[in-house]
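Once you've looked at the hints, dock chains B and C with the ligands against the given chain A.
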Amino acid sequence: MLRSILSDDLPRSRWLALALVAILVGLAVAPFLFPGAKSLNVAAKICVFIVLAASFDLLLGYTGIVSFAHTMFFGIGAYGVAISLTRMGAGWDAVAVGTVAGLLLAIVLATVIGLFSLRVRTIFFAMITLAVASAFAILASQLSDLTGGEDGLNYRLPAALRASFSFGDTLFGVRLNGRLLDYYLVYTASLALILVLLRIVNSPFGSVLMAIRENPFRAEAIGYRTVVYRTIASCIAAATAALAGALLALWSSQTNPDTTLSFDIMVDILLMVVIGGMGTMYGAVIGAVLLVFAQNYLQDLLAVANKALLGVPLLANLFHPDRWLLWLGVAFILCVYFFPAGIVGRLRQKR
Amino acid sequence: MKRDWLPLLLIPALMIGALPLIGSPASWVTLTVAGLAMGLMIFIMASGLTLTFGLMDVLNFGHGAFIAVGAFVAASVMLALAPWMTADSIWLNLAAIGPAVLAAMVVSGVLGLGFERVIVRPVYGQHLKQILVTTGGLIVAEQLLKVIWGPDQITLSRPTALRGAFLFGDIAIEKYRVLAVVVGLVVFAALALTLNRTRLGLLIRAGVENGEMVEALGYRIRRLFVGVFVVGSALAGLGGAMWGLYQETVTAAIGAQVAVLVFIVIIIGGLGSVGGCFVGALLVGLTANYIGFLAPKVALGSNILLMALVLLWRPQGLYPVAKR
Amino acid sequence: MAEPLLSLRGVQTHIGHYHILHGVEFDVAEGGLTMLLGRNGAGKTTTLRTIMGMWRAAAGEIRFDGRDITNMPTPDIARLGIAYVPESMAIFADLTVQENLVLAARSGPMDQKRLDWIFGRFEALKRFWMLPAGLLSGGQKQMLAVARAIIEPRRLLLIDEPTKGLAPAIIANMIDAFRELKDGESTLLVVEQNFAFARQLGDSVAVMDDGRVAHQGGMAAFAADSALQQHLLGLGMDTHQ
Ligand SMILES: Nc1ncnc2c1ncn2[C@@H]1O[C@H](COP(=O)(O)OP(=O)(O)OP(=O)(O)O)[C@@H](O)[C@H]1O
Ligand SMILES: [Mg+2]
Chain A
35 MLRSILSDDL PRSRWLALAL VAILVGLAVA PFLFPGAKSL NVAAKICVFI VLAASFDLLL
95 GYTGIVSFAH TMFFGIGAYG VAISLTRMGA GWDAVAVGTV AGLLLAIVLA TVIGLFSLRV
155 RTIFFAMITL AVASAFAILA SQLSDLTGGE DGLNYRLPAA LRASFSFGDT LFGVRLNGRL
215 LDYYLVYTAS LALILVLLRI VNSPFGSVLM AIRENPFRAE AIGYRTVVYR TIASCIAAAT
275 AALAGALLAL WSSQTNPDTT LSFDIMVDIL LMVVIGGMGT MYGAVIGAVL LVFAQNYLQD
335 LLAVANKALL GVPLLANLFH PDRWLLWLGV AFILCVYFFP AGIVGRLRQK R
Chain B
8 MKRDWLPLLL IPALMIGALP LIGSPASWVT LTVAGLAMGL MIFIMASGLT LTFGLMDVLN
68 FGHGAFIAVG AFVAASVMLA LAPWMTADSI WLNLAAIGPA VLAAMVVSGV LGLGFERVIV
128 RPVYGQHLKQ ILVTTGGLIV AEQLLKVIWG PDQITLSRPT ALRGAFLFGD IAIEKYRVLA
188 VVVGLVVFAA LALTLNRTRL GLLIRAGVEN GEMVEALGYR IRRLFVGVFV VGSALAGLGG
248 AMWGLYQETV TAAIGAQVAV LVFIVIIIGG LGSVGGCFVG ALLVGLTANY IGFLAPKVAL
308 GSNILLMALV LLWRPQGLYP VAKR
Chain C
-15 MAEPLLSLRG VQTHIGHYHI LHGVEFDVAE GGLTMLLGRN GAGKTTTLRT IMGMWRAAAG
45 EIRFDGRDIT NMPTPDIARL GIAYVPESMA IFADLTVQEN LVLAARSGPM DQKRLDWIFG
105 RFEALKRFWM LPAGLLSGGQ KQMLAVARAI IEPRRLLLID EPTKGLAPAI IANMIDAFRE
165 LKDGESTLLV VEQNFAFARQ LGDSVAVMDD GRVAHQGGMA AFAADSALQQ HLLGLGMDTH
225 Q
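Protein chains in written order, with the working numbering: chain A, 35 to 385; chain B, 8 to 331; chain C, -15 to 225.
Fair warning: there could be bad hints in the mix.
Stated by the list, open to error - Straight-line Cα separation of at most 16 Å, EDC-like style, residue types lysine to aspartate or glutamate; simulated pairs: (1) C/Lys166 <-> C/Glu14; (2) B/Lys304 <-> A/Asp179; (3) C/Lys97 <-> C/Glu164; (4) A/Lys79 <-> A/Asp292; (5) B/Lys136 <-> A/Glu248; (6) B/Lys304 <-> A/Glu184; (7) C/Lys148 <-> C/Glu71; (8) B/Lys136 <-> B/Glu123; (9) B/Lys153 <-> A/Asp356; (10) C/Lys110 <-> C/Asp100; (11) B/Lys136 <-> B/Asp64; (12) C/Lys97 <-> C/Glu136.
If you are wondering where the hints come from, they were derived from the structure by calculation, not from laboratory data.
With the rest of the complex left out, here is chain A:
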């Protein structure tokens, strides 16, 4: 039963299994365990980023290609829902239209980019995606009539997802309102998407991807059209990222370039996947949880160090709370050198 839900891809490490169960259960009961708007927000972000990182891992870890355009697809999904909710009003029809439109655009774009540049080489693809993504981000902030420009869009969610909507009194002291419903919508959808991704990477299609990653020439010689497989993989990744974006838009009732399209988010995803462990979906899960936590709590830790060093000029700056990315960047580089399989790889080794 469990085996088939996880597509035969078991954690294969006691600690990893424990961590995964903790995340699964922790997120499921988060609204009751840590009540309050802010912590609910963190939990929802974690769900969304788990999906986003996992879909990126399909490219980076399983297919061996680096795309810097992943946030572009994330943004397309988010803006799809945001724009349709703004234009069509706060109904489920708008959500459906926005999601589908975002999905289609993401898939079309991914196909074009893939066919254009995947036949060449990894480096080329990485450069092209970087260029396209940055142009897209600028375009999105320029077309302010449609996208709201730098400020982004603020819109109303469907009635059932608003705080004012209530479907009962309280449970364990938590109000049963639309936000709670919204959270469980995000949670369930994310869980489902992760299971779908697990199924994909453990299917014959996934094996071909990994064969191509290991030796593209050989795979081509055996008769696999590597360009086609890689393009399909990048379409699936793009579509999943767009869905993650749609979920984010459905959660936060505002969408702007900083939260969806910026290069900073791209860097976050890279860190999640590499530190968590490339080439395993579980790595993306662990990495996403870790990074969102780090963003929220590493700062506090640094603030302590910063206070202690307050007199020392440069050193104090090194530990400034805003410099958390510096330390994660160093961790990232060390990971690539010394633990290319990331945290999950380490855990599985020690089994």
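Frame of chain A, contents of chains B and C with the ligands only:
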């Protein structure tokens, strides 16, 4: 190969084609000079990157770090020499800019040496790791810039002698842009002479084509590569310093922003080709300025469109490098 | 017998996942021309590349002039006085004929007398002196590749299939040139498919089969033993008449 003039003709073709669209000849001249200035600054930053890729198949996604460092170092020196910058003498102005630019190049070059050692060398030949690690290098470098220079942007103003414009009737040409064009052309000429007229240049060109055979002839291509990497970093620093003065502000994100243009340029030019990089840079600079005038909203998209068109015409870029 | 100039002992080379050389052993005596023969895919090119340090030897030892050169960096090996003409020729297409040779003359300006000597053998190089090498014909590229190896005196020349695509008159010139070289300053190790050429020029022979040296000896004896040729090279009885 036989000289291939076609891509070169694109530049005048683009200029002439833009004239009727823009209408006013005065605006056209202003935009063209602006485009050339921008293109040449990008060329300065991109030339080293394309050569290191050609030589060792290494693409440094952290190249933007050198651009940013150059901008910050130059800004610091110029701020320190503020009285000379604001003096009403072109010589004093130059006495401030000279050391600033020199310092930018030296610091970027030295940093390049370290970057090559620590970040690039351990991952030679492993493209995936190379992309990841050099991107990581960029992240860390950007944060370190904020540690050293603080998180806020630095405002710079151009020295007195480089403010304002030359006026010819109703045509206005900014002085600073003229300087940028001159410096860009000097760098291009120096690079072209080195590559075509010196033994070192021959080695680099041969190495871009077939590094293994250059080694079999008894030359240590690794050293050549490190040298080119350092020079390329120093040039990125020079370009960054010039870009900072051009924008009159410097932020830690400047490197990553400009690096995108740099990537587009070397893709258009053909990875590994300095000549292609030159043509590509001018095309990008001109297009950005023309489109910026005609349809400001899509200015950056225009570069992507340009890239797509070039790749449809020549999938390996304007001047594909004969590889192996 | 004096120590050979070049000797290989138990050399094993892997390319990627493939094990290509399974313990190659042979000697090249100083001052002669050794022919390295073998069927397609026997491992001749791989052997030369391993000597040059362009593939790593996983095991075994390669000695040159009494010194262990196994897995030394390629440029250092070249600097000991070994020149290499690869099967693919690897001329620099973007550079002119002149520039190709300028680079090959590592120690400084080219010696005009030597250049004239090369022009005498390979007249086309003089004619196309300023032409980008990429525009040369296949045979002309081959001449340039050989010229690059001999533009300065080298102790050992490793030449992979020099006669490929050359007209008979040029092959005759090449035979002359190689004779002069081996009788003078250099030792040659030449991979060849053209057995007529090999027989005319070779002093000794090493025959490879499936990643090993299956036979080594004098050329005269080998040329006389058609059964052995048949066995090792699969030559028909009439191809070497
Ligand atoms: N880069 C490579 N990757 C994988 N296998 C290779 C590679 N280069 C050579 N081989 C294999 O190694 C074996 C020996 O090749 P090698 O080129 O040394 O043969 P050769 O004797 O020079 O043949 P020929 O006479 O055809 O030139 C062949 O089976 C070949 O397929
Ligand atoms: Mg061969």
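Verification of the hints:
no. : hint                  : result
1   : C/Lys166 <-> C/Glu14  : holds (9 Å)
2   : B/Lys304 <-> A/Asp179 : holds (11 Å)
3   : C/Lys97 <-> C/Glu164  : holds (15 Å)
4   : A/Lys79 <-> A/Asp292  : holds (14 Å)
5   : B/Lys136 <-> A/Glu248 : holds (14 Å)
6   : B/Lys304 <-> A/Glu184 : holds (13 Å)
7   : C/Lys148 <-> C/Glu71  : holds (9 Å)
8   : B/Lys136 <-> B/Glu123 : holds (14 Å)
9   : B/Lys153 <-> A/Asp356 : holds (10 Å)
10  : C/Lys110 <-> C/Asp100 : holds (9 Å)
11  : B/Lys136 <-> B/Asp64  : holds (13 Å)
12  : C/Lys97 <-> C/Glu136  : holds (11 Å)
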